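Residue numbers (the UniProt record's numbering), protein chains in the order written: chain A, 1 to 260; chain B, 1 to 385.
None of these hints come from the bench; they were simulated from the model. Everything numeric in this text was worked out from a predicted model, so none of it was measured. One or more hints might be untrue.
[Said to hold, decoys possible] Chain B is faced by these chain A residues, among others (derived, beta-carbon under 8 Å):
| id | residue |
| --- | --- |
| 1 | Gly36 |
| 2 | His125 |
| 3 | Ala129 |
Backbone N, C-alpha and C define an ideal beta-carbon position, used for all residues, glycine too.
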Amino acid sequence: MAVSPGSVIVPDWHKSPEGKEYLATILRKNKRKFFGLIERPVLPPQMAADTASYKVFVSGKSGVGKTAMVAKLAGLEVPGAHHETTGIQTTTVYWPAKLRDSGRALIFRFHFWDCGEAALKKFDHILPACKEKADGILFLFSFTDRSSFDDLPSQISRVTGGSENLVKIVIGSKFDQFMHTDVTERDLAEFRRAWRLPVLRMKSVNGPRLADGRTLDGRAGLAHVAHVLNGLAEHLWYQDQVMAGLVPAPQPGTEDTSRC
Amino acid sequence: MGEEGGGSVTLLCLTASSGVPLFCRSMGAPSKHQLPFSVIGSLNGVHMFGANLDVLLTAACTANSHVVWRVFHNSITLIVLSSEEGASDFALGRLLDNAFSAMVLILGLEELVNVRNIERLKKDLRVSGGIGECLEAFAGAAESRFGCLVAGGRLALATEPWWQLAPQELLLLSWLVGSLPPHAARDYPIYLPHGSPTVPHRLLTCQLLPGLEACLICGPRPALHTVETELVPRFWKPLLEPLQACVNPQPHSLPPGTTLPPGVLAFLLIHREQRSSQSSVQPPGSGGEGLSPKHRARALRHFYALVAARYFPWEGSPAPPQEPFQAGFPHRARHCYVVSATHKAYAIHAPQHQLFLLLAPHVPTFALRPLAARALQRLTGDAAC
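Please work from the sequences and hints to get the whole structure.
Here it is, written out as structure tokens:
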């Protein structure tokens, strides 16, 4: 992986005055704004920005927290108990970010495809549907489930199946329970060295709520996941640039510098 | 007026009081064929003529076409002419319901019940025809016959085959879509308990706007990706504004100005032929009297369960276990009531409707029957029932 964190996207831009203005287009009174398929964030004319859309398939063993992660990224209620997802469900997440080189603001539109493990095994059409025209795959493991980590290599080869141009990112979920972690820093470092894939960490728990005690605080929720959204944006955008021949492809053997 | 060959369907919409044509739409070949004004006038005229003599003209057949009339809320008349083979009163009646629902979906009932500016209404109605047609076109492009729009967890509009699903399936599908956590789109394998209990189909849902989902039941094709990225933008994006206008939830689906007799705390009205229902535990005028909305809902549910199970036969359900007392009579119960300390309840089984009312305990028991009849009349806008 030739993308080191912060080399493509300005990392803390969402905290800057300019970034906050863009962030306001996906918030309403500190709540996350939700957009239907035929809607999009409305930007004032002076803030015009292009939208970069990416389809991202979320893969991982049953119960590692795929649905919870997507809910957390989307600003939705993280389900309290585990339910197997019945089929495919997709979720759209908008995220404004600033490109480091050009100084240009972009609206990233991540389209997450999440499906239940059982459905995937039972119905043949589900895996091809999730992979069709995907730009990236997130491989999830859970910090509290060693077997989900050990399963990563076989999962990566099973799901990827030779698709070279996909962005592959590993995400460790349930990092909030790091006291009970089954996966050590050393395991992660070894994995990174062997696979040269970026590894991100997620705490898939509900963030603080607004004064009414019920509604999730959208701004705080976004602050929690900004590093994941920026990480995704960075790798997907970079991959696009490589595909378009605008930047040289990463050389095999490039030293991995990604940290998170 | 029936066309030879492929068969066509023509839908006419007029104001009920003055007979002013609001729109006319044709489907099937030849679509450019406009119905002459004199024919529109005669079709409406014959229905009005009957109405003036207290005769309700509902349907007529000629050698090659089938006509069905219906008046909605004493305000809008819809007439459908079909030369398609196998057009039944039921199917055409459903089409009229759908057409009217599409109009309500866009304009709200108030606009349609109290027509103030006919020219304005004509303009607005162009859009609603758009949504119904759009749903058909969207489903067609997805190679599916089964399409619907679910607004706020309720079925708002559906293609004809969707309505033909078993009543239970209809209900379960709307509940399923309404109960799932929000997602931009879904591809759910489902088994239809009556239509296809062993072979799975795909239920595709696309959230057009928060609270508004377009649903399809499909076979192996098309891919969700295609529906989401190609069909949804192509068919629904042009309707963004009218759709945004119609997702505002309504507390109860009654025309404004509808009042129920005093003492009515809650009601459930079932349209038997349409297989649809309306209900409210806070109907207009019921105020904060007596039971809380939650308790009203529970009491009404209990009453419904009791009556539906024991006294009123209901199509598609197993025959009710009759009490020995009742089995001794050759007739079936048409009215039914219950008196308790906290409320009274009354049910009517009419040819077109079933009405379940929850009433305040102070309403005299002898007044329940006329009061319920009046409530049914006001809710259905029909003097005949």
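Okay, the hints, checked on the actual structure:
1. Gly36: holds, 4 Å
2. His125: holds, 6 Å
3. Ala129: holds, 6 Å
Violated hints: none; the structure is consistent with every hint.
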